[in-house]
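Q: Below, each chain spelled out in residue letters.
Number of protein chains: 2
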Amino acid sequence: MFSFDLPSKLLNDAVEELAKLPGVGRKTALRLALYLLKQPKEDVERFGNTIVAFRSNIKHCRCCNNLSDEEVCDICSNPRRERSTICVVESIRDVMSIEKTQQYNGLYHVLGGIISPMEGIGPSQLEIELLLERVGKGDVNEVVLALNTTMEGETTCYYIHKKLKDFPVAVTTLARGIGFGDELEYADELTLGRSIKNRQPFQVG
Amino acid sequence: MFSFDLPSKLLNDAVEELAKLPGVGRKTALRLALYLLKQPKEDVERFGNTIVAFRSNIKHCRCCNNLSDEEVCDICSNPRRERSTICVVESIRDVMSIEKTQQYNGLYHVLGGIISPMEGIGPSQLEIELLLERVGKGDVNEVVLALNTTMEGETTCYYIHKKLKDFPVAVTTLARGIGFGDELEYADELTLGRSIKNRQPFQVG
Chain U
2 MFSFDLPSKL LNDAVEELAK LPGVGRKTAL RLALYLLKQP KEDVERFGNT IVAFRSNIKH
62 CRCCNNLSDE EVCDICSNPR RERSTICVVE SIRDVMSIEK TQQYNGLYHV LGGIISPMEG
122 IGPSQLEIEL LLERVGKGDV NEVVLALNTT MEGETTCYYI HKKLKDFPVA VTTLARGIGF
182 GDELEYADEL TLGRSIKNRQ PFQVG
Chain P
2 MFSFDLPSKL LNDAVEELAK LPGVGRKTAL RLALYLLKQP KEDVERFGNT IVAFRSNIKH
62 CRCCNNLSDE EVCDICSNPR RERSTICVVE SIRDVMSIEK TQQYNGLYHV LGGIISPMEG
122 IGPSQLEIEL LLERVGKGDV NEVVLALNTT MEGETTCYYI HKKLKDFPVA VTTLARGIGF
182 GDELEYADEL TLGRSIKNRQ PFQVG
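Chains as they are written, first to last, in this note's numbering: chain U, 2 to 206; chain P, 2 to 206.
Calculated from the structure, these hints are not laboratory results.
Copies of the same chain look alike in the list, so a pair counts if it fits in one copy or across any two.
Calculated cross-link-like contacts (lysine-lysine; reagent style DSSO-like; alpha-carbon spacing at most 30 Å): (1) K60 x K21; (2) K42 x K21; (3) K28 x K39; (4) K60 x K39; (5) K198 x K163; (6) K42 x K28; (7) K163 x K138; (8) K39 x K101; (9) K101 x K60; (10) K10 x K42; (11) K166 x K198; (12) K101 x K28; (13) K39 x K10; (14) K39 x K164; (15) K101 x K10; (16) K28 x K60; (17) K10 x K21; (18) K60 x K10; (19) K39 x K21; (20) K138 x K60.
Taking the hints into account, I'd like the entire structure generated from these sequences.
A: Here it is in structure tokens:
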């Protein structure tokens, strides 16, 4: 980007660190560094320290592997959540998306990824054993597989489904079909085909 | 953005700090935080500490006000630079742009902004006194005003020009005209008008 060095090593180091963030090139990193320079020292100190503290102190819930400040996360320790249903998701973002709908009151299980031979991620790198352990304790009667409908997601669903075969739990998955607000004309064939095949009783409201 | 709190205060704090960066919203901040979470602890520590050290330790060159690790910046302390010419710029970015051209071998003077009544920036907030002091020492025989051609830039040029009236220095400015590669058809009237009025002898090469 720059055909010459920055005038200061401190600035150069800051730019290099900022440029490591995803989606931030050297030019944006320089803009961010010059912006930080205009902020009060205390603010920039808080910025740096907060991020370091976040990385150093955050925990994974020992029940569901969700991010948490405590050993057990807020959802797992909430007595008003239904403990008999576990929704299996890829990452914390999916937990957040589902929580936002306010349509689910069970627990979660965050795999921390999905099986992806292309990226060298096998079942052993995911928190699948922990899930089986939870299910093995016997309080669970439904496992909802809420993974993306990609090849990797389907593979992971299939793998977990197979592993759960011997447990007395219902394994369910998210309803597939035409999204609300979608136009049939633009729906892909596979989705539309499955939707007509799996048609449901008409409900008012 | 989120209609509910993040599952962790540590995560929430990190997201809030990252979202203070210009051009980073809460959604991007969350993406950055989750990215940092996947990096080794030491890397994130270095990230935070480098930025704090940058903000705390960087200096402004006491000659030209450019960013510097030392009391006097690399350009001012370079014995091979011509000390009789000072190029006045708004910010360090402009120093970098001009350095990149490799067409200038004098010194700089970084104002740290331009006069902007709209943003409440007056001459006293800029390093104009420092410039007059430098010029007053008598080694300087040319001051190049290299400010943007906006209203604020022109105002600042005019102000500095007036202040320099009593010093025995030539005050020059960047050549204005049609840029290399520009098509006349698309040049604005003012630029084209001035270019034809200030026409120059044709040079080969």
